[in-house]
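2 protein chains.
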Amino acid sequence: MSVLVVGSTALDSIKTPWQENPRLLGGSASHAAVAASFFGPVRLVGVVGDDFPRRYLALFERRGIDLEGLQRAPGKTFHWSGEYEVNMNNRRTLKTELGVFETFRPALPPAYRRTPYVLLANIAPELQHHVLDQVVRPRWVIADTMDLWLNIALKPLIRLLRRIDALVLNDSEARQLTGEDNVVVALRKIHHLGPRIVIVKKGEHGAILSGPDGLFLAPAYPLDKLVDPTGAGDSFVGGLIGYLASQPGSLRRNLRRAVLHGSAVASFCCEGFGLTGTLKASLAKIRTRIRAWERMTRI
Amino acid sequence: MSVLVVGSTALDSIKTPWQENPRLLGGSASHAAVAASFFGPVRLVGVVGDDFPRRYLALFERRGIDLEGLQRAPGKTFHWSGEYEVNMNNRRTLKTELGVFETFRPALPPAYRRTPYVLLANIAPELQHHVLDQVVRPRWVIADTMDLWLNIALKPLIRLLRRIDALVLNDSEARQLTGEDNVVVALRKIHHLGPRIVIVKKGEHGAILSGPDGLFLAPAYPLDKLVDPTGAGDSFVGGLIGYLASQPGSLRRNLRRAVLHGSAVASFCCEGFGLTGTLKASLAKIRTRIRAWERMTRI
Numbered sequence: 005m006s007v008l009v010v011g012s013t014a015l016d017s018i019k020t021p022w023q024e025n026p027r028l029l030g031g032s033a034s035h036a037a038v039a040a041s042f043f044g045p046v047r048l049v050g051v052v053g054d055d056f057p058r059r060y061l062a063l064f065e066r067r068g069i070d071l072e073g074l075q076r077a078p079g080k081t082f083h084w085s086g087e088y089e090v091n092m093n094n095r096r097t098l099k100t101e102l103g104v105f106e107t108f109r110p111a112l113p114p115a116y117r118r119t120p121y122v123l124l125a126n127i128a129p130e131l132q133h134h135v136l137d138q139v140v141r142p143r144w145v146i147a148d149t150m151d152l153w154l155n156i157a158l159k160p161l162i163r164l165l166r167r168i169d170a171l172v173l174n175d176s177e178a179r180q181l182t183g184e185d186n187v188v189v190a191l192r193k194i195h196h197l198g199p200r201i202v203i204v205k206k207g208e209h210g211a212i213l214s215g216p217d218g219l220f221l222a223p224a225y226p227l228d229k230l231v232d233p234t235g236a237g238d239s240f241v242g243g244l245i246g247y248l249a250s251q252p253g254s255l256r257r258n259l260r261r262a263v264l265h266g267s268a269v270a271s272f273c274c275e276g277f278g279l280t281g282t283l284k285a286s287l288a289k290i291r292t293r294i295r296a297w298e299r300m301t302r303i
Numbered sequence: 005m006s007v008l009v010v011g012s013t014a015l016d017s018i019k020t021p022w023q024e025n026p027r028l029l030g031g032s033a034s035h036a037a038v039a040a041s042f043f044g045p046v047r048l049v050g051v052v053g054d055d056f057p058r059r060y061l062a063l064f065e066r067r068g069i070d071l072e073g074l075q076r077a078p079g080k081t082f083h084w085s086g087e088y089e090v091n092m093n094n095r096r097t098l099k100t101e102l103g104v105f106e107t108f109r110p111a112l113p114p115a116y117r118r119t120p121y122v123l124l125a126n127i128a129p130e131l132q133h134h135v136l137d138q139v140v141r142p143r144w145v146i147a148d149t150m151d152l153w154l155n156i157a158l159k160p161l162i163r164l165l166r167r168i169d170a171l172v173l174n175d176s177e178a179r180q181l182t183g184e185d186n187v188v189v190a191l192r193k194i195h196h197l198g199p200r201i202v203i204v205k206k207g208e209h210g211a212i213l214s215g216p217d218g219l220f221l222a223p224a225y226p227l228d229k230l231v232d233p234t235g236a237g238d239s240f241v242g243g244l245i246g247y248l249a250s251q252p253g254s255l256r257r258n259l260r261r262a263v264l265h266g267s268a269v270a271s272f273c274c275e276g277f278g279l280t281g282t283l284k285a286s287l288a289k290i291r292t293r294i295r296a297w298e299r300m301t302r303i
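Going down the list, the protein sequences come from chains A and B. For what it's worth, this note's numbering labels the leading residue of the first sequence as 5, then goes sequentially. For what it's worth, this note's numbering labels the leading residue of the second sequence as 5, then goes sequentially.
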C-alpha cells in the first residue's frame with residue numbers, strides 16, 4: 005500500500021574537517037521518502053525552489069517516488085549548512101535559509117487524499133495538522149518532530165498527539181516534552197498525551213518501541229564507520245512506515261520488525277554523506293543486515 | 005564451581021539532594037561478590053580496617069561468601085564519599101580516604117589457589133597481577149578496570165590484558181584505551197591487546213559482548229526508578245561470572261546468558277543505595293527479570 009510523506013525537501017551543505025559537501029539532497033521528507041521507497045510506492049509532499057537540481061528530481065523518480073505533491077515555487081530551496089567537529093560527535097548549524105519553505109502550505113493532490121499510510125516527517129506541527137486535515141481516513145499515521153517545535157510550537161504539537169497513531173522522537177526530545185529524565189516514565193507520559201505507539205530513537209544506542217505489546221528494545225546495527233548521521237532519524241521512520249505499508253496482516257504484529265527495517269535503513273544512511281549511503285542499500289542488503297542483527301541479539 | 009573475587013571492600017558515603025547515606029557497604033569486590041553469590045560459592049579477597057562494621061561481615065556471611073581471604077588490618081577501611089546532583093546523572097567524588105587499602109597486598113589462602121573462576125574486580129592492575137601470580141591454572145579469568153588505572157597504571161594494565169580471558173570496561177574507557185571513538189573498532193583493537201572476550205558496558209544503554217561468536221548486543225533492563233548506580237558495573241561482572249561458574253557445559257555457549265544475568269543483577273543494584281537494591285533480589289526475581297527482558301527483545 006502507498007505511503008504519503010510530508011516534510012522538508014532541502015539542500016544540505018555539510019562540512020567536515022576533511023571535506024566539503026555542498027548542496028546535497030537533504031531534508032526530512034527526502035530522507036524518509038527514499039527510505040520508504042525500498043518497500044513500496046511513496047507519494048512525496050513538499051516544496052522546492054527553482055534552483056532545485058534536476059538530478060535530484062530524477063533521483064526521486066528513479067526510486068519510483070510520486071512527485072505530483074512536490075510543489076515547485078519561484079525562489080530558493082530550503083538550504084541548511086552545518087559543520088562537524090573532528091570526532092564527528094558534534095554538529096553545529098552554520099546557516100539556515102528557509103527560502104520557499106517559509107510560505108509553504110502543503111496541498112494534497114486529490115489522488116493523495118486516500119493514502120492509507122501517512123508519515124508526517126519533521127516539519128512545523130501546524131503543517132502536519134494541515135496535511136492531516138486533507139487526508140481521508142488514513143489507516144495509520146506516524147509523526148516525527150524535533151526540539152525546535154518543542155521550543156516554539158509546543159501547543160500545536162500537543163494537539164497533534166491526539167490525532168496520530170504513533171510518535172517518534174529522540175531521547176532528549178522525550179525528556180524535554182515530559183520533563184522526565186527516565187525514559188520508561190517519559191514513554192508512559194507521552195502515551196497519556198495521545199499516541200498508542202511511541203518510539204524513542206537513541207542513535208547508536210538503538211531505539212525503544214512502546215505500545216500495546218509493552219516495550220521492544222532494539223539495539224542499533226553496529227557500524228564500524230560513521231560518515232554522516234544527518235537524516236538517519238528520518239530514514240528510520242521512513243523505513244519503518246515503508247515496511248509496515250508493504251506487509252499483509254496485523255499492523256501490531258509487524259511493528260517490531262518494522263523498527264528493525266527502519267534501523268537497518270538508518271544504518272546505511274550513516275555510511276555516506278546526504279543520501280549516498282542510503283542509495284547504496286537494496287532490499288537484499290537491508291535483509292542481510294537484519295539477519296546479522298538477529299544473530300547479534302539471539303541468546 | 006567457586007568464584008574468587010578480588011577488589012576493594014569499602015565504606016561509601018553517598019549524598020543526594022534528599023538524603024545522606026553514610027558508610028554504606030561498598031567497593032568493587034563487595035558488589036561483585038554479593039552479585040556472584042546468587043549463583044554459587046564465592047571467595048572474597050580484600051582488606052578492611054578495624055572500623056569495618058561487624059554487621060557487614062555478617063552480611064557477607066549470610067550470603068555464604070567465604071571470608072578467609074578478607075584481611076583485617078589495623079587502621080581505617082577505604083572510605084569513598086560522593087554526591088549526586090538533582091537529576092542523578094552526575095556524581096562527583098567529595099573525598100577518597102584509602103586507609104588500610106594503601107598498603108594492601110592480596111595474599112591468597114592456600115585453599116583459594118585452585119579456584120576455577122577468577123574475577124579481578126576494579127583495583128590497581130599491579131594487585132590484579134599479584135593475585136594472578138598466586139592462582140593455579142584458573143579455568144577463566146575476567147578483569148574489570150577504571151579510567152584511573154588507564155591514567156596512572158597503563159603499562160601494568162596492558163600487560164594484564166595478555167593474562168586474562170576477558171576484559172570488561174565501560175564505553176568511555178574503551179575509547180580512552182584505544183584512542184578510538186567507534187566502539188566496534190575499539191573492540192577489535194582491545195582483542196589485539198590480548199583478551200578473547202571483551203565486554204563494553206554502556207549503563208542504561210546496555211552492554212556489548214565481543215568474542216569468538218561475534219557481537220552480542222544486550223539492551224539494559226529498563227528501570228522506571230534509578231536510585232543509585234554506584235556498584236552497578238561491579239554487580240554486572242559479579243553476576244556474569246557467578247552465573248558462568250554455576251553452569252555445566254561449554255563456557256562459550258553460556259556467555260550470552262551470563263551477560264543477561266549480570267545485567268539483571270546490575271538492574272537490582274541501581275534500585276537502592278549501596279547494596280540494598282541488590283539484596284532485595286533473589287534467583288527467582290533475577291529469572292523473572294530475564295524472562296521479561298526476553299519478551300522485550302523478541303521480534
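It cannot be assumed that every hint is accurate.
Below, a list of computed lysine-lysine pairs in the PhoX-like style, where the Cα atoms sit at most 25 Å apart [said to hold, decoys possible]:
1) B/Lys229 x B/Lys193
2) A/Lys289 x A/Lys206
3) B/Lys229 x B/Lys19
4) A/Lys80 x A/Lys206
5) B/Lys206 x B/Lys19
6) A/Lys80 x A/Lys19
7) A/Lys206 x B/Lys229
8) A/Lys229 x B/Lys229
9) B/Lys193 x B/Lys19
10) A/Lys206 x B/Lys284
11) B/Lys159 x A/Lys193
12) A/Lys206 x A/Lys19
13) A/Lys159 x A/Lys229
14) B/Lys193 x B/Lys99
15) A/Lys229 x B/Lys206
Worth flagging that the hints you see were computed from the coordinates, not collected in a lab.
Here is how each hint holds up against the structure:
1. For the proposed pair B/Lys229 and B/Lys193, the alpha carbon gap of about 36 Å is over 25 Å, so the pair is violated.
2. Taking the CA atoms of A/Lys289 and A/Lys206, the gap is near 23 Å; set against the 25 Å cutoff, the hint holds.
3. Of the pairs offered as hints, the one joining B/Lys229 and B/Lys19 holds, with about 17 Å between alpha carbons and a cut-off of 25 Å not exceeded.
4. A C-alpha spacing of about 33 Å is found between A/Lys80 and A/Lys206, which places the hinted pair above 25 Å, so the restraint is violated.
5. Using a Cα cut-off of 25 Å, the hinted pair B/Lys206 and B/Lys19 holds, with the two alpha carbons roughly 24 Å apart.
6. Distance check on the hinted pair: A/Lys80 and A/Lys19 sit about 21 Å apart at the alpha-carbon level, within 25 Å; holds.
7. In summary, the hint linking A/Lys206 to B/Lys229 is supported, as the alpha carbons are separated by about 19 Å, within the 25 Å threshold.
8. Distance check on the hinted pair: A/Lys229 and B/Lys229 sit about 35 Å apart at the alpha-carbon level, beyond 25 Å; violated.
9. Among the hinted pairs, B/Lys193 with B/Lys19 is inconsistent with the structure: their alpha-carbon atoms are about 38 Å apart, more than 25 Å.
10. With a C-alpha separation of about 30 Å, the suggested pairing of A/Lys206 with B/Lys284 is violated against the 25 Å cut-off.
11. Of the pairs offered as hints, the one joining B/Lys159 and A/Lys193 is violated, with about 49 Å between alpha carbons and a cut-off of 25 Å exceeded.
12. Only pairs whose Cα atoms come within 25 Å are accepted, and A/Lys206 paired with A/Lys19 is accepted, the gap being roughly 24 Å.
13. Taking the CA atoms of A/Lys159 and A/Lys229, the gap is about 39 Å. The hint is violated against a cut of 25 Å.
14. Of the pairs offered as hints, the one joining B/Lys193 and B/Lys99 is violated, with about 35 Å between alpha carbons and a cut-off of 25 Å exceeded.
15. For a cut-off of 25 Å, the pair hint linking A/Lys229 to B/Lys206 stands: about 19 Å separates their Cα positions.
Checked against the numbered hints listed earlier, the structure breaks hints 1, 4, 8, 9, 10, 11, 13, 14; every other hint is satisfied.
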